[in-house]
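Participant: Chains as they are written, first to last, in the numbering used here: chain D, 5 to 336; chain S, 5 to 336.
Please note that a few of the clues may not be correct.
No distinction is drawn between identical chains; accordingly, a pair holds when it is met within one copy or between any pair of copies.
Said to hold, decoys possible - Computed list of lysine-lysine pairs in DSS-like fashion (alpha-carbon distance at most 27 Å, straight line):
| id | residue 1 | residue 2 |
| --- | --- | --- |
| 1 | Lys212 | Lys60 |
| 2 | Lys262 | Lys145 |
| 3 | Lys7 | Lys183 |
| 4 | Lys334 | Lys216 |
| 5 | Lys79 | Lys13 |
| 6 | Lys216 | Lys172 |
| 7 | Lys202 | Lys255 |
| 8 | Lys202 | Lys13 |
| 9 | Lys303 | Lys13 |
| 10 | Lys262 | Lys60 |
| 11 | Lys213 | Lys60 |
| 12 | Lys216 | Lys60 |
| 13 | Lys147 | Lys13 |
| 14 | Lys291 | Lys172 |
| 15 | Lys334 | Lys7 |
| 16 | Lys147 | Lys60 |
| 17 | Lys328 | Lys303 |
In case anyone wonders, no lab produced these hints; they're calculated from the structure.
There are 2 protein chains.
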Amino acid sequence: MNKQLIFVKRPEGLPESNTWNLEENAIIRPKNGEVLIQHHYISLDPAMRGWMMDRKSYIPPVQIGEVMRSGSIGKVIEANNHPDFNVGDCIVDWGGVQQYYTTNGENCYKVDDSIVPMPKYLGALGMPGMTAYFGILQVGKIKKGDTVLVSGAAGAVGCLVGQIAKLKGCIVIGIAGGKEKCDYLLNDLGFDEAIDYKSENLIEALDKKCPKGIDVYFDNVGGEILDAALTKLRLNARVVICGAISQYNNKNDIVAPKNYLSLLVNRATMQGMVVLDYASEYEFAAKEMAMWMMQGKIKSREDIYEGIENFYETFLRLFSGDKKGKLILKIS
Amino acid sequence: MNKQLIFVKRPEGLPESNTWNLEENAIIRPKNGEVLIQHHYISLDPAMRGWMMDRKSYIPPVQIGEVMRSGSIGKVIEANNHPDFNVGDCIVDWGGVQQYYTTNGENCYKVDDSIVPMPKYLGALGMPGMTAYFGILQVGKIKKGDTVLVSGAAGAVGCLVGQIAKLKGCIVIGIAGGKEKCDYLLNDLGFDEAIDYKSENLIEALDKKCPKGIDVYFDNVGGEILDAALTKLRLNARVVICGAISQYNNKNDIVAPKNYLSLLVNRATMQGMVVLDYASEYEFAAKEMAMWMMQGKIKSREDIYEGIENFYETFLRLFSGDKKGKLILKIS
Numbered sequence: 005m006n007k008q009l010i011f012v013k014r015p016e017g018l019p020e021s022n023t024w025n026l027e028e029n030a031i032i033r034p035k036n037g038e039v040l041i042q043h044h045y046i047s048l049d050p051a052m053r054g055w056m057m058d059r060k061s062y063i064p065p066v067q068i069g070e071v072m073r074s075g076s077i078g079k080v081i082e083a084n085n086h087p088d089f090n091v092g093d094c095i096v097d098w099g100g101v102q103q104y105y106t107t108n109g110e111n112c113y114k115v116d117d118s119i120v121p122m123p124k125y126l127g128a129l130g131m132p133g134m135t136a137y138f139g140i141l142q143v144g145k146i147k148k149g150d151t152v153l154v155s156g157a158a159g160a161v162g163c164l165v166g167q168i169a170k171l172k173g174c175i176v177i178g179i180a181g182g183k184e185k186c187d188y189l190l191n192d193l194g195f196d197e198a199i200d201y202k203s204e205n206l207i208e209a210l211d212k213k214c215p216k217g218i219d220v221y222f223d224n225v226g227g228e229i230l231d232a233a234l235t236k237l238r239l240n241a242r243v244v245i246c247g248a249i250s251q252y253n254n255k256n257d258i259v260a261p262k263n264y265l266s267l268l269v270n271r272a273t274m275q276g277m278v279v280l281d282y283a284s285e286y287e288f289a290a291k292e293m294a295m296w297m298m299q300g301k302i303k304s305r306e307d308i309y310e311g312i313e314n315f316y317e318t319f320l321r322l323f324s325g326d327k328k329g330k331l332i333l334k335i336s
Numbered sequence: 005m006n007k008q009l010i011f012v013k014r015p016e017g018l019p020e021s022n023t024w025n026l027e028e029n030a031i032i033r034p035k036n037g038e039v040l041i042q043h044h045y046i047s048l049d050p051a052m053r054g055w056m057m058d059r060k061s062y063i064p065p066v067q068i069g070e071v072m073r074s075g076s077i078g079k080v081i082e083a084n085n086h087p088d089f090n091v092g093d094c095i096v097d098w099g100g101v102q103q104y105y106t107t108n109g110e111n112c113y114k115v116d117d118s119i120v121p122m123p124k125y126l127g128a129l130g131m132p133g134m135t136a137y138f139g140i141l142q143v144g145k146i147k148k149g150d151t152v153l154v155s156g157a158a159g160a161v162g163c164l165v166g167q168i169a170k171l172k173g174c175i176v177i178g179i180a181g182g183k184e185k186c187d188y189l190l191n192d193l194g195f196d197e198a199i200d201y202k203s204e205n206l207i208e209a210l211d212k213k214c215p216k217g218i219d220v221y222f223d224n225v226g227g228e229i230l231d232a233a234l235t236k237l238r239l240n241a242r243v244v245i246c247g248a249i250s251q252y253n254n255k256n257d258i259v260a261p262k263n264y265l266s267l268l269v270n271r272a273t274m275q276g277m278v279v280l281d282y283a284s285e286y287e288f289a290a291k292e293m294a295m296w297m298m299q300g301k302i303k304s305r306e307d308i309y310e311g312i313e314n315f316y317e318t319f320l321r322l323f324s325g326d327k328k329g330k331l332i333l334k335i336s
């Protein structure tokens, strides 16, 4: 049998536990040209919150009654004349939060888990890694000597953004919640400065820790932090809008960037990005990220919880911030 | 004697009449290498409001006790060995709101008022023209077939933005206040659609008049109109932040663009611009604008009031919208 997390109720505000139902259904045997994948790990990402909203966005919303969408990784346990995948292959897919996934291989790709353990393929070598890579390099257009500020800096994307910026010769300031995360940025990841938004006054901390202002701000959180960052832009600064996790569960109006006229005064640019646009370049980027990881230049950590039954409690950690690095659920 | 408008009190909110004092002081005779210019016309621009604020911006604020800054045009009436300017030359300068201006010629340039009447050099061939030209072409990056929305569309900058976009093969929708202005856009300037924000529901009007969404939004006004426009962005749209006249006199928090996450969903860009950055290209742009005007492809109108004593009442028209085109004060 296949345990599947079914999306049953569109949430308003912070999702409640009745948003999903855990169901057990028969495993679907692969037809000709298909494979059956047993999922080992599920990726939990802030973007999931957006996929539940019934509105136009960069991909269609998850529909009521469907398996909850997620990135996943697992192994082929049965192959029925599939042209590319064989039993034992390790596959990254979009099969969602379920133990078994039967597919013709669309939007799936094979990776080698004998070189790198599976969870990394959902983190630094997966969507968060690609988001960081293209976001800071192609949208942020960093160059040596730039001062780069990143929010959600201890998160799956933010920690990579900061490390890539360091690699490229930038001065990097990270914003994160709590002393442990800030210590991690400074001591383990080599950030130049860290700001604990839970205990520091943001504007004062920015004045002190990036006194010359910011050339690039990479925003994962939105809200008050985005608004504060806007006040520190330098001439021709770039603001990368990657996410706004502080606002995703707002039932009312979001906290909007009232300092947006800083864009005018500083001839700055604020640009949104969606990682899917860069799919044709993933392979090149993943190779570069893997090389940096093997050279010890980029570190990542995964925070792995266990059991598909514990999806909901684990999911909430995305919004409480109670996690260390990439949030992952082991389901087999 | 020289009547000068002296900036005496920093305004909060909408400037009151005690923001300035009209003083009469002796005309300063030109020293060696200087000229004395008699100002004929003063340019009244929304940017003036920003220059009065005591905060970091793209140019230093006007200081208390100084002549109020403005773009101006006049004629040399006395020249003391100036290398470039002679008596009778028509000069555009930054001499501010005063009848006579003595200068070594810094930031001044000569124009020919026998070809084009002086007020045009403060409008379509001056800062508003340059702002429209570089804003829509270089920041907006318009291309044939784009749908272009412009706010403040009957204003000095907006009407030129729309006409340049039409010239380049775009579909152009203008937002303006009142039927007269909307009729002007449609009947005189060749806009495809006009929206009267004073009598129409903005979101409904946008749905109807640009059903496929917007590729470029050129924003002169900020506030609710910017926020509405953000909801209509197409993929890879560009938002040009040129001004925010609806917010300049706000004493409290400005109306912020709470729909900014449309930038993310649509991979769109919001970029600020300041025309001064393009100074090295003004000459080229002015030639092209002049050619378009001579070919009848671009029209502009000036709304000219008279008397330096009437500066304050005329200035208020910038914010009430009670003007037709470029606002100018004739002072001699």
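Participant: It remains to establish, for every hint, whether it holds in the given structure.
Facilitator: Comparing the hints with the structure gives:
When the C-alpha separation of lysine 212 and lysine 60 is checked against a cutoff of 27 Å, the pair qualifies only between copies, where the shortest distance is 18 Å, while the shortest distance within a copy is 41 Å. With identical chains, the CA atoms of lysine 262 and lysine 145 are at most 27 Å apart both within one copy (25 Å) and between copies (26 Å). Taking the shortest Cα distances, lysine 7 and lysine 183 never come within 27 Å of each other, neither inside one copy (38 Å) nor across copies (62 Å). Taking CA atoms no more than 27 Å apart as the test, lysine 334 paired with lysine 216 passes in neither setting, with 44 Å inside one copy and 43 Å between copies.
Taking the closest pair of Cα atoms, lysine 79 and lysine 13 never come within 27 Å of each other, the shortest separation being 30 Å inside a single copy and 73 Å across copies. Taking identical chains as interchangeable, the C-alpha atoms of lysine 216 and lysine 172 lie at most 27 Å apart only when both belong to the same chain, with a minimum of 19 Å there against 40 Å between chains. Proximity of lysine 202 to lysine 255 under the C-alpha cut-off of 27 Å is restricted to the intra-copy arrangement: shortest distance 23 Å within a copy versus 29 Å between copies. For the homomeric pair lysine 202 and lysine 13, neither the shortest alpha-carbon distance inside one copy (32 Å) nor that between copies (40 Å) is at most 27 Å.
In this homomeric assembly, lysine 303 and lysine 13 never come within 27 Å of each other (Cα to Cα): the closest approach is 38 Å inside a single copy and 56 Å across copies. In this assembly of identical chains, the alpha carbons of lysine 262 and lysine 60 lie at most 27 Å apart whether taken from the same copy (25 Å) or from different copies (17 Å). Within a single copy, lysine 213 and lysine 60 get their C-alpha atoms only as close as 39 Å, which misses the 27 Å cut-off; across copies the closest is 20 Å, which meets it. Taking the closest pair of Cα atoms, lysine 216 and lysine 60 come within 27 Å of each other only across two copies (14 Å); inside a single copy the shortest separation is 39 Å, beyond that limit.
When the C-alpha separation of lysine 147 and lysine 13 is checked against a cutoff of 27 Å, the pair qualifies neither within a copy, at 45 Å, nor between copies, at 43 Å. For a Cα distance limit of 27 Å, the shortest separation of lysine 291 from lysine 172 inside one copy, 17 Å, qualifies, whereas the shortest one across copies, 42 Å, does not. For the identical chains of this complex, lysine 334 and lysine 7 are intra-copy neighbours only, at 13 Å inside a copy versus 79 Å across copies, given an alpha-carbon limit of 27 Å. In the homo-oligomer, the alpha carbons of lysine 147 and lysine 60 lie at most 27 Å apart only across protomers (25 Å), although the nearest pairing inside one protomer, at 35 Å, exceeds that limit.
In the homo-oligomer, the alpha carbons of lysine 328 and lysine 303 lie at most 27 Å apart inside one protomer (13 Å), although the nearest pairing across protomers, at 61 Å, exceeds that limit.
The earlier numbered hints that this structure contradicts are 3, 4, 5, 8, 9, 13.
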